[in-house]
Amino acid sequence: MVVARLLNVLALLVMPFLLTGLINRVKSLWSGRKGPPLLQPLHDALRLLRKTSVYSTTTTPLFRIAPWVFLLTALGSAVVTPLLGAAALASFPFDFVVFAYVWALGRVAIMLAALDTGSAFEGMGAAREATFSTLLEPALFLVIGALCLSAGTHTLSEALAPHWRAGDGSLVIWACGVIALFIVLQVETARMPVDDPTTHLELTMIHEVMILDHSGPDLAAIQYGAAVKLYVGAALLATLLNPWAGTTSVLSASANLALCALLAVVLGTVESLIARLKLRTVPKYIAVALVSGAVALLATAWRAGGLP
Amino acid sequence: MRANAAHRTLSASARSHATHRDNSVLTSVLLSLPVLLLGAALALGLRSNRAAAAVAVVTQGIASVLVLAGIAGVLRGGPTLVMSWPWPPPIDEIAFRIDGLGAFFLAWSLPMTLLGTIYAVGYLEPYFAKGRHGGPHFGLLNLVSVSFVLIYSAQNALVFLLGWETAAVAAWLLVIWDYQKQKIRFAGFNYLVSTHVGLFVLVAAFMLLHSKTGSMDFGAFGVFLAHATPARPTIFILLGTSFALKSAFFPFHTWLPRAHSAAPAHVSALMSGVIHKAGLFAFLRFTLLMGRPEEWMGWSVLAFGALSAFFGVIYTSTQRDLKRLLGYSSTENVGIAAMGFGVGYLGWCWGNPTLALCGFVGGLLHLFNHALFKCLLFYAAGAVYRATHTIDLERLGGLAKRMPQTAALFLVGGVAISALPPLNGFISELVIYAGLFSGSAPSASANMALVAVAAVLAFVGAVSALSMTRAFGIAFLGNPRDAGVHPAEEPPATMLTPMALHAAGAILVGLAPQVGLALIRSTIALFPVGGSLDAALAPLEGIVWASRALALLLVVAGLIRWLQGRRARRTATWGCGYTAPSPRMQYTASGFTEQFVRVFESFLPSARREQLPTELFPQQSGHVSTHHADPVEQRMFEVLGQGEDFVSHTSERIPEQPRFAFAAVLIGLFLIGALLLGGGRPW
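For the protein sequence lines, the chains are P and A, in the order given. If you read the first sequence in the working numbering, its first letter stands for residue 1, the second for the next number, and so on. If you read the second sequence in the working numbering, its first letter stands for residue 1, the second for the next number, and so on.
Since the hints were made in silico from the structure, they are not lab data. We put the beta carbon where it would ideally sit given N, CA and C, even for glycine. Hints may contain errors.
[What the hints assert, rightly or not] Only pairs whose alpha carbons sit at most 25 Å apart, straight line, appear in this in silico SDA-like list of lysine to any residue:
1) K34(P) - K284(P)
2) K181(A) - H133(A)
3) K284(P) - V597(A)
4) K51(P) - I560(A)
5) K401(A) - S215(P)
[As the list claims (entries may be wrong)] Only some residues are given here: those of chain A computed to face chain P with a beta carbon under 7 Å:
6) Y433
7) G439
8) A444
9) V451
10) A458
11) G478
12) G542
13) L550
14) R561
15) R569
16) Q595
Given only the sequences and the hints, what does the whole structure look like? Please build it.
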């Protein structure tokens with residue numbers, strides 16, 4: 001058990017950087033470049049930590065605290081996530097409610113920091129983030145609620161245990177869960193086709209535009225926090241896909257890590273091949289997650305013979 | 001007249017003191033009535049504002065102590081306090097009864113009104129400086145407390161109505177403090193009419209009950225309501241409608257944003273946080289009288305609550321007026337509480353103690369939490385108004401630098417109301433989530449419906465976070481948007497102290513939910529649903545610890561960063577290469593929700609008036625103005641104002657329809673009418 005916990009912590013330290021590096025490598029390969037080393041994000045973070053932050057004269061202490069709130073909430077969500085396919089660091093009933101609300105707290109912190117700068121651009125990112133999150137949260141609750149009902153549990157780790165072998169409509173619930181969680185992952189980690197993590201055209205971005213004014217260790221905190229969210233989101237999805245999930249074994253853990261890496265490759269590929277959606281169509285894209293969640297929920301009732 | 005009636009009850013209470021020695025505890029509660037009325041009379045009579053305020057604060061303080069001393073035993077699970085004495089017909093008997101439910105509401109209503117009165121001293125000071133007499137205002141605040149004692153301890157419908165009406169009229173007179181302004185008189189009148197529509201419905205319900213029982217005593221009502229009779233659904237719907245109007249549920253909320261934006265901040269706070277909780281109290285009182293509810297009642301309460309929460313929160317997103325925004329958020333929060341009660345109804349009906357307890361605990365805790373953070377937010381909005389003379393978000397900005405304490409307190413309230421951990425709003429919504437996600441309903445489709453409602457609650461939480469981020473971010477952060485706005489300064493201690501106490505309450509209940517649970521334990525014991533409260537809430541222990549750990553880490557990280565940042569390098573905001581940014585280029589409140597409004601435009605109609613420049617080199621300046629009116633109110637006024645047009649328009653359309661459809665509708669209407677009229681009788 002102690003070993004499993006230590007491995008979880010270790011994964012939390014390394015995997016976020018590795019996954020971000022992997023996505024960048026995949027994108028480089030697709031565009032015919034060699035690309036930076038896989039652990040470049042780690043080097044970036046260390047370099048930023050050695051610098052000093054510069055603050056706008058407009059900002060209040062809130063701006064200095066927000067990045068660390070964001071990082072703490074990202075790490076907090078990782079604590080209840082089965083990072084290695086089973087046995088999250090902490091698991092208790094209704095931990096998924098904490099998961100969602102802790103993410104919301106981090107989001108609010110970053111949005112307030114963006115508004116704190118009085119910038120002409122950063123409010124735009126905050127507004128978009130706030131709008132998309134209003135559609136994303138119900139989708140997340142629908143899908144996790146459906147998985148919980150289907151598995152007859154109240155904890156995140158158990159809800160993600162293998163479903164599709166349970167037969168009788170479980171496949172539908174599982175597939176809808178995969179679709180919804182994939183979209184949640186894309187939106188929450190600011191990936192194509194919702195957000196563009198690379199451009200520096202302020203008008204097209206969401207996450208990047210909110211952190212224009214952060215620098216030094218603050219920026220490192222936000223970047224590590226965002227990478228942790230990426231890993232947490234990927235781990236959720238990987239556990240759902242993992243056929244050995246729910247068992248504390250080397251096989252399950254390595255399958256989870258491999259699936260996370262695979263998801264990073266998929267994310268990078270999607271990002272290389274697909275253009276960003278128009279902002280007006282992003283809510284419709286998120287609505288796909290909402291609909292999948294609703295279908296998954298309907299399937300739980302159908303499976304139990306509750307629907308005529 | 002009304003005061004006379006109150007005095008009569010008082011003398012009666014004094015008389016009964018001699019005969020009911022064993023009930024000296026309840027007498028202590030009722031003794032608060034003459035104290036409060038004396039205070040009101042003195043406040044009216046005294047010339048000096050300072051003296052009137054002092055009298056109001058002191059008498060309310062004494063009344064709070066008397067009441068708390070009286071109900072302490074009940075809150076700790078002691079016996080219900082009962083007292084009654086004969087009265088000439090048609091009343092027969094006047095009865096007071098304080099059980100756990102009444103004690104819970106009394107426990108915080110009077111102290112919070114006291115805090116509001118203290119706040120009023122600072123808030124109204126600029127008016128006093130201009131020679132305005134505040135005596136009647138302070139007297140009315142005392143009357144509000146009187147109405148709480150009457151409503152929460154009455155066991156007789158007439159006493160209850162007396163308290164109900166005292167609260168309504170006192171609130172109306174408090175709202176129109178600035179009565180010289182036509183807009184404010186209109187808002188007050190609007191409130192007065194709405195609240196009396198609710199009163200008529202309530203009186204209708206009481207008349208029905210009286211005709212069935214021949215009594216005005218709640219005990220007799222309870223005996224009648226306990227059996228499923230044909231009249232029971234009608235009475236349930238009448239009572240529900242009246243209480244929904246009182247608590248401003250959607251679609252009965254139209255008076256609320258107007259009244260809240262017109263009233264002085266402490267009145268808005270007390271109305272939203274405390275006075276209108278009487279509607280939910282009355283709902284629970286009659287739930288207890290009724291006993292085990294039917295399943296359709298549970299589903300309707302749940303759906304009605306979800307509807308209120310959904311629309312209330314959607315309307316918060318577009319408000320420019322900070323107090324209107326907070327007003328709509330009241331509709332949202334009573335909706336959330338009602339969702340809890342709906343879950344409780346269903347659990348009770350299905351004989352599922354865990355579900356019932358989660359629902360009722362969540363609902364009760366949420367309405368208490370709402371009183372804590374909503375008063376705080378209104379008080380902070382009042383501080384902004386007092387300092388800047390405006391609460392129009394588009395004109396504010398950068399207040400956090402000039403009013404750091406107010407900003408910090410508003411932020412606490414905003415985080416709490418958005419149900420974010422680790423504050424109190426999160427705890428109560430969590431308990432409701434625990435009910436909705438329990439998966440223990442008797443059928444799979446019921447479970448599915450509950451999870452779908454949970455998704456609505458998640459949406460409500462996210463939009464609430466959007467609205468609060470917008471309100472706080474636009475008003476307090478960034479740079480001042482309008483140079484014409486009065487320079488801001490911190491409010492006096494009389495205003496900051498009530499705010500700080502409310503914020504402390506929100507933090508305390510967030511980190512130590514057992515404090516909130518201690519208040520509602522005796523109320524929950526009244527619901528005969530079985531099961532143990534501690535067992536039902538045991539699964540949530542892990543979350544409470546997680547949220548405490550998060551709070552600790554946040555505070556530590558915040559302190560470290562705050563200390564480190566004091567000697568940081570400072571420069572201008574990065575303008576992406578543009579070197580002459582102005583505060584006017586900041587994102588606006590309307591801009592912030594523009595995209596959200598586009599997604600939900602069917603619920604958020606906007607009126608746009610514009611005169612845009614046309615030529616290549618425009619000679620005249622143009623203007624654009626957008627406005628989000630309340631769709632329900634708009635529609636209501638449309639029907640009222642153009643009722644005749646509406647009717648003639650409809651009647652014109654009739655001949656154009658095919659005759660068959662017309663006949664079919666007529667037959668359908670006849671059938672529905674026949675079913676409604678004959679449905680109750682055996683065929």
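Against the structure, the hints come out as follows:
1. In summary, the hint linking K34(P) to K284(P) is not supported, as the alpha carbons are separated by about 35 Å, beyond the 25 Å threshold.
2. Of the pairs offered as hints, the one joining K181(A) and H133(A) holds, with about 17 Å between alpha carbons and a cut-off of 25 Å not exceeded.
3. At roughly 14 Å between alpha-carbon atoms, K284(P) and V597(A) fall within 25 Å of each other, so this suggested pair holds.
4. For the hint pairing K51(P) with I560(A), the CA-to-CA distance comes to about 17 Å; that is within 25 Å, so the pair holds.
5. The straight-line distance between the Cα atoms of K401(A) and S215(P) is roughly 22 Å, inside the 25 Å bound, and the hint therefore holds.
6. Nearest Cβ of chain P to the Cβ of Y433(A): about 5 Å, under the 7 Å cut. The hint holds.
7. About 5 Å separates the beta-carbon of G439(A) from the nearest beta-carbon of chain P, less than 7 Å, and the hint is met.
8. Because the beta carbon of A444(A) sits about 3 Å from the nearest beta carbon in chain P, less than 7 Å, this interface hint is met.
9. For V451(A), the interface hint holds, the least distance from its beta-carbon to any beta-carbon of chain P being 4 Å, beneath 7 Å.
10. Residue-level restraint check for A458(A) holds (minimum Cβ-Cβ distance to chain P is 4 Å; threshold 7 Å).
11. Proximity of G478(A) to chain P holds as hinted, the smallest CB-CB distance being about 3 Å (cut-off 7 Å).
12. Taking 7 Å as the C-beta cut-off, the interface hint given for G542(A) holds, the closest approach to chain P being about 3 Å.
13. Because the closest C-beta pair between L550(A) and chain P is about 6 Å apart, less than 7 Å, the hint holds.
14. Here the hint on R561(A) is kept, as its CB sits about 5 Å from the closest CB of chain P, short of 7 Å.
15. Evaluation of the R569(A) hint against chain P yields a held restraint, the C-beta minimum of about 5 Å falling below 7 Å.
16. Checking Q595(A) against chain P: minimum C-beta separation of about 5 Å stays under 7 Å; hint holds.
Consistency note: the structure conflicts with earlier hint 1 alone.
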